[in-house]
Each structure stands twice: as structure tokens, then as C-alpha cells.
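Trainee: So you can see what is in the structure, the chains are spelled out below.
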Amino acid sequence: MASGTSTPSQAKPNFVEESLYEVHQKVHPRAVSGTFAAWRWTLVWCTQLIYYGLCWLPWNGRQAVLFDLVERKFYIFGLVFWPQDVIFLAILLIISAYSLFLFTAVGGRLWCGYACPQTVYTEIFTWIEQKIEGERNARIKLDAAPMSARKLWLRTAKYGSWALLAFWTGFTFVGYFTPIKTVWASLWSFSLGPWETFWMLFYGAFTYLFAGHMREQVCKHMCPYARFQGVMFDPDTLTITYDTERGEPRGARKKGLDPNAIAKGDCVDCGICVQVCPTGIDIRKGLQYECIGCAACIDACDQVMVKMDYPKGLIRYSTEHAIEAHWGWKEIIGHVVRPRVIIYSAILGAICVALVWGIATKPTLRVDVIRDRATLAREVEGGLIENVYRLHVINVSETPHRYAVSVSGLQGIDMVGDRIIEVPAAGARSFSVQVRVPPEAGKKGSNQIFFDVKSLADEKVAVHEKASFLQP
Amino acid sequence: MSDFVSGFWNFYVISIVLASVIGCAVLLWFQDSAKHVEGETTGHVWDEDLQEYSNPLPNWWRWLYYITIVFGLFYLAMYPGLGTFPGLFGWSSSGQYHGERKKADEQYGPIFKKFQSQDVMTVAANSEAKEMGQRLFLTYCSQCHGSDAKGAIGFPNLTDNDWLFGGTPDQIKESIQKGRDAMMPAKGVKPDLNGDQTKDIAGYVRSLSGLATDSIRAQRGKELFAAACSACHGPDGKGMVGVAPDLSDKVWLYSSSEASIIETITKGRVNRMPAYGEFLGDAKVHLLTAYVYGLGGGAKEAPAAAPAAAPAEAAPAEKK
Numbered sequence: 001m002a003s004g005t006s007t008p009s010q011a012k013p014n015f016v017e018e019s020l021y022e023v024h025q026k027v028h029p030r031a032v033s034g035t036f037a038a039w040r041w042t043l044v045w046c047t048q049l050i051y052y053g054l055c056w057l058p059w060n061g062r063q064a065v066l067f068d069l070v071e072r073k074f075y076i077f078g079l080v081f082w083p084q085d086v087i088f089l090a091i092l093l094i095i096s097a098y099s100l101f102l103f104t105a106v107g108g109r110l111w112c113g114y115a116c117p118q119t120v121y122t123e124i125f126t127w128i129e130q131k132i133e134g135e136r137n138a139r140i141k142l143d144a145a146p147m148s149a150r151k152l153w154l155r156t157a158k159y160g161s162w163a164l165l166a167f168w169t170g171f172t173f174v175g176y177f178t179p180i181k182t183v184w185a186s187l188w189s190f191s192l193g194p195w196e197t198f199w200m201l202f203y204g205a206f207t208y209l210f211a212g213h214m215r216e217q218v219c220k221h222m223c224p225y226a227r228f229q230g231v232m233f234d235p236d237t238l239t240i241t242y243d244t245e246r247g248e249p250r251g252a253r254k255k256g257l258d259p260n261a262i263a264k265g266d267c268v269d270c271g272i273c274v275q276v277c278p279t280g281i282d283i284r285k286g287l288q289y290e291c292i293g294c295a296a297c298i299d300a301c302d303q304v305m306v307k308m309d310y311p312k313g314l315i316r317y318s319t320e321h322a323i324e325a326h327w328g329w330k331e332i333i334g335h336v337v338r339p340r341v342i343i344y345s346a347i348l349g350a351i352c353v354a355l356v357w358g359i360a361t362k363p364t365l366r367v368d369v370i371r372d373r374a375t376l377a378r379e380v381e382g383g384l385i386e387n388v389y390r391l392h393v394i395n396v397s398e399t400p401h402r403y404a405v406s407v408s409g410l411q412g413i414d415m416v417g418d419r420i421i422e423v424p425a426a427g428a429r430s431f432s433v434q435v436r437v438p439p440e441a442g443k444k445g446s447n448q449i450f451f452d453v454k455s456l457a458d459e460k461v462a463v464h465e466k467a468s469f470l471q472p
Numbered sequence: 473m474s475d476f477v478s479g480f481w482n483f484y485v486i487s488i489v490l491a492s493v494i495g496c497a498v499l500l501w502f503q504d505s506a507k508h509v510e511g512e513t514t515g516h517v518w519d520e521d522l523q524e525y526s527n528p529l530p531n532w533w534r535w536l537y538y539i540t541i542v543f544g545l546f547y548l549a550m551y552p553g554l555g556t557f558p559g560l561f562g563w564s565s566s567g568q569y570h571g572e573r574k575k576a577d578e579q580y581g582p583i584f585k586k587f588q589s590q591d592v593m594t595v596a597a598n599s600e601a602k603e604m605g606q607r608l609f610l611t612y613c614s615q616c617h618g619s620d621a622k623g624a625i626g627f628p629n630l631t632d633n634d635w636l637f638g639g640t641p642d643q644i645k646e647s648i649q650k651g652r653d654a655m656m657p658a659k660g661v662k663p664d665l666n667g668d669q670t671k672d673i674a675g676y677v678r679s680l681s682g683l684a685t686d687s688i689r690a691q692r693g694k695e696l697f698a699a700a701c702s703a704c705h706g707p708d709g710k711g712m713v714g715v716a717p718d719l720s721d722k723v724w725l726y727s728s729s730e731a732s733i734i735e736t737i738t739k740g741r742v743n744r745m746p747a748y749g750e751f752l753g754d755a756k757v758h759l760l761t762a763y764v765y766g767l768g769g770g771a772k773e774a775p776a777a778a779p780a781a782a783p784a785e786a787a788p789a790e791k792k
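Just so you know, the protein sequences line up as chains A and B, in that order.
Position one of the first sequence corresponds to residue 1 (the working numbering), numbered consecutively onward.
Position one of the second sequence corresponds to residue 473 (the working numbering), numbered consecutively onward.
Don't take every hint at face value.
In silico BS3-like cross-links for lysine-lysine, where the CA-CA straight-line distance does not exceed 27 Å [said to hold, decoys possible]:
hint, chain 1, residue 1, chain 2, residue 2
1, A, Lys26, A, Lys285
2, A, Lys220, B, Lys507
3, A, Lys444, B, Lys739
4, A, Lys312, A, Lys264
5, B, Lys722, A, Lys443
6, B, Lys662, B, Lys586
7, B, Lys659, B, Lys739
8, B, Lys671, A, Lys444
9, B, Lys722, B, Lys739
10, A, Lys26, A, Lys151
11, A, Lys255, A, Lys220
12, B, Lys722, A, Lys444
13, B, Lys694, B, Lys722
14, B, Lys574, B, Lys586
15, B, Lys710, B, Lys739
Hint data in this document are derived by calculation from the structure and do not stem from the laboratory.
The task is simple: from the sequences and hints, build the whole structure.
Mentor: This is the structure in C-alpha cells:
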């Protein structure tokens, strides 16, 4: 695929002095409706209802989804994640990565076109812009017009609405880390903490900047995923494709004329596919790195084709192989199953199963045994050899528990210290335990022993943790 | 604050830093356009036919460059970076450290102060103080004395009622503040002891606390002990606080095995508890004293040994 917006035309032999920087031309995409626009709006609603709504949901007297960084506990409905559960975060990120690989290999930049926050917020901000300033032509005219009372009012209304939405987005973001009702209350009493204030403004400001002003610039010049998704493409990947063979030579014509009769292709060169493009490219030049795969041009072109009484799909989801060999949907679908898709799916499936299994069997009790580093071994009354351990017992469940502590693994082994300990709900306790064995037990050096911590209420809540005992 | 040996290096650093920053700005300013043929590619080819046009950067990118330069100059004006110039904010890492300490002192000072005005026995009975004391102990003392304060070989147990340097609050506090040095000379005061005689003494020492031993050796050892060891450990081996440990109890700093006792007699022992007074400050030492006192081994005020211990403070003390 060729990259760049300008075509290599007949090169002039002489050199031209050109700026290394180009002034940003604002892209004013024309509003579009149709199948794929409906899909995109569906995803806008789904993602944003979850984002703005989920933080308000109560659960067991707390916020259902809360990432408490201060207490280092993540609450997701009935689950409580501790720092020790960071593996689940890693698994989640791996799943996200493999999903991106899989979806991109099969359907091209689906993520970019439909679900990426940059796309979603740009969609919302453009919608606001359109409601206030009018359609594409009106907006271009307004941009060019000198400042007037009307322009000032429209601009103020637009920037004001953007700012409100951006602020609400920042507020919601902070509401996932500090209980949102607390944030809401302290917002009105001006008692927000410095970090909450910073993140609210930071996240809000960047939502405003990226979705309002930067838009396609983010995808073109900042986003790494946009660039590396290209390497996941292969000739069987679905991309938004202009059917050159069918469309060319393009040209305007009267409605109802048979294209064959006037020796022209199906493309009427109306330019609407360019006008609706949020990144301002012409899809008829072929696949370009700027294309985020939003399919707005498909919707737009199909409407024109219907008006012209031509079959739909001059611009459509197709693959490199399909265009070359004139395949239909049946062959395209037949080529979805290929080695890389199978491998991505298998890995993704395995990791998803691992995640579900891991969460389902997540222990509600954790025990860390820490040997005293300095006190190797000591002799106590009666000639017994003693080692000292600190037991860190973490109750991950949301009810308080009493646990029985015992030790095993060597002949005549016994412990001094609390044998029954109580740990509050979602709390931890640390205490020392002295383990004693007769001097003849085990071998000289390190011996394996085991600590057993069992809940008194539920036999199944138990941890069998190994430790080493040093015999001098 | 400067480590420079001559004023030249100050000037040298300042000129390099400023020249680089200004050089970047000048380069940006003059390199904002270029001569090229329209439609020219960068000349790089990947995967057989993949080429890249030499497209212009977005204009805002250029402003990012200028912003970093402005930020760099602002930073150099505000923070130390230009040779020995301390920056207008007057920031330094040690200043930040002292500032944080001051803040912590202001925050936690009152809590410590509350306990500092109470006497050790009252503090020892307070559960909040106990928790604080335990945290301090785990941070500063547990490396040697163990997290349960029961010590290890060479490091005394603080929970029993056997005190090498006294277990009254004042004595414990002094041990923490000033540290303790202890030295048992090899072969006591009789440097001509031979191996067999050493073994005899070890036998006798073991018999003092009722451990199994060869009674003939112990009998011989008794006389040797009187000559070599009793000057410090006393005629009955009961020792003296601050001078020498009691050999007749069941507490052993180094193991009770015959081999270990022979090693102690033959080579002597040197041991030291470091002084923490200056490092921890009075308030923390007070809490730690109370915590150690409250561990169960603390002796009541004004013990009988107090007057006798006084001259011994200066003299090297022994440990078994």
C-alpha cells in the first residue's frame, strides 16, 4: 500500500522550495447515514452508556466498579482485586492485544473505525458541531467568514458545549478512582483533592483538544496502533475498497444513462466519498494509512448508487484477493479461516478460558511466609532449635474470618504463637511465629516445612504454604 | 554546593548547555523549508515496493519543538542546571529531603510528644504506643534481635528476664541511645591456659546450669575458673549486670554446647550494640524503650545491682 496524500504526478524537473511543515486544514466531514453509520452510533451508545453510567452503580453498599488506588484494591462488582492479582490485569491486556490482532487480520481497522475512544468522541463532538453550526457547507462558510456577532455566538455555543462534555468526561474518569458521589459532593464544596482536580482537568482538556481540534491528526501523527495495524493486514483482510475496474473511467453524467453507452465506469465523480471522510482522504486512490476504516464512504456511495439505479458496492468491504479474482462474499468468507486467524483465535480462546478459570477459582485467603533474615536458627530451652517467621495473612473475602494456623513437615515440629487469628473483611494481619524442632530432626541446612492456614468457618478456605527451616 | 575545582568548569557547563539549546532553536528556525522535486519519495524501500513520500510534518509539530525549547529555558532558570546557578526556585534534593522530614515531624511530632512526656511504664501499657513501638522495632531492631525480639546466636533475647546491661527503663534507654560494647578477653585473666584446662573450665561452666558434663573435669575446672574467670563472672559464676553474664542460668547468648563454650574461652568474644540515639532521636528511642520494656522482660526501677554497675560502665564487659 502506498502512503501519502499526494500522488506522484509528472515530476517537474526543477526543484521547488517547500515548507517542511503544512498548516492544518480542518476536515469538515459531511454527515452520513446508512448501515455502517448505524453500527458506529450503536457502538458510541454502548461504550458511552457504560463509561458514563457504570460508575454510578451501587453494589453491596459501595460503588460497583471502583479502582481504589489509595487502598490498592480494585472492586469490580462482587470481585475484589488486590495488588497480588496483577496477573489478571496482564491477562486482560494480552486479551486486548490478541483481540486487536485477530479483528485486524480479519476485518481491518475495525477498532479504529467503530470503537476507539478517539473515533467515538470525535463522532460525538462533530455531532455537536453540526447541530450548532450546521452542515458541512455551512461550517466551511462560517470558518471563512469574518468575525461577527452570529459567528461569535455560534463559536461560544460550540466550544462551551464541547467544554461541558469534556469536563463531564474528566469528572467521570476520576469517578472510577475516587467514589463518584464523593467527587460530586466535593466538586460543589470546592474541596477536591489536588490529584482529583489535576486528573479531571487533564483528562477533560485532552478530550476537548483531541476530539474537538486534533481529530484525525491524532490517528495520523500520534497513534502507534494506527501505524502498526498495517503489518497485520494480508491479501485476505477485509478493507474498504474502491472497485477501480468497475468505477473507472469516472465522470459526471445524466441520470438513467447506461454507463456502457457513454464509455464510462460507475463512478459519477460526485466527490461525496471524499466529503464524508473524517480523515479527508480520497478512497479512490487506494488503501492509505490515513484510512481508519469507518466505512462512511461506503454508506455515502451506496446512497448515490441507489439514486443512479446502479448496483450498490462500488466502494465496499473487500479484500485484495477478492478484487483481483472477482470473488463474491462466499469466497471471501471461505478465506477467513487461514493460519494466522486460527493461531490468533486459539491463543485468544486459551487466554480467555484461563482468565475465567482464574477468576472463578480466585482464592479468598492468601498467606505469605517471610523468614526472619537475620535470625537463622537459635537454641532455646530444652535444646530445641527455633526459627522465626512472619506470617502475613490476607483475607480477600468481604466477611471477617477466624483462621487456625498449624505447621508440619518435620519430626516433632511445633510452633509458639497465636494458633487462632482473626482477620477483618478485606484486611490483612501480620504476626510472628516461632517454629521449634528437636535438634536431631531433619538434615543439616535447609528443610522444607509447611504452614497450614484454615478458616474455622469454611474448611475449603485453606492455604498450604511451604517455607524452609534451617537446622544449624 | 559546587563540586567544581575551578570557576572554569562552571562557565564551561553553562556555555555548553546554552549553546545546545539555542543551537536547536536556530536550527529549527533556518531548517523550515527544503528544496525537493515534487512527488519525491524518501528513497527508502521496504518489502520490495513499499515507499514513503516525503510529506511535510503537521505545523503543530513544529510548535511542539519550540515549546520544548521554551520549557527547557524555563526549567534552567527555575531549577539547578546551569553550572553552579541554584535556580530561582532554590530547589535542591537535600532541601526537599529536609522539607519532607520537617513536614513529617510536624505531622507525627505531636503523637510522639504525647508519649514522650509519659514515663516508660505508662507508655509500655498503652496499646497505641505498643503498635508504634513494634513498627519502629521491626524497622530498626529486628534485623539483629529478630521480629519477635527473641534474638539469635550472638544477639540477645529481649523478652526474657536476663539482662546483660540491666533491664530498668533507664538502662534499656541507655543501651539504645549510646549502644553497648562488650569484650571477653581470650582465656580470661590467665593467658597460659592450655587446651585441656579450657575443656575443664567448659565442663564446669556447663555444670553451673545443670547441663550434663564429666564431673571430674568439672571438679578440675572449678579451681581453674576461680583463677581465670571469677574476677568478672564472680566466684559462683552468677556474673554481674554490665560486667559479665550470669553463667548459671539457662540463657545462652552463644550456644550452650561444649564446643561453643571452649571457643568462647579460647578466643574470647567481642560484641557491640550500635548507638541509635542520634539517628532515631529522643522521641523514637523513648517509644522503643517502652516497647522493649513491655516485651515482658523489663525489670522494675532501682534494682539492687545499680550501685555496683556504675564503675563497670567504663570497663570492658564480658559476655558468655
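Trainee: Hint by hint, work out which the structure violates, then give me just those numbers in ascending order.
Mentor: 6, 11
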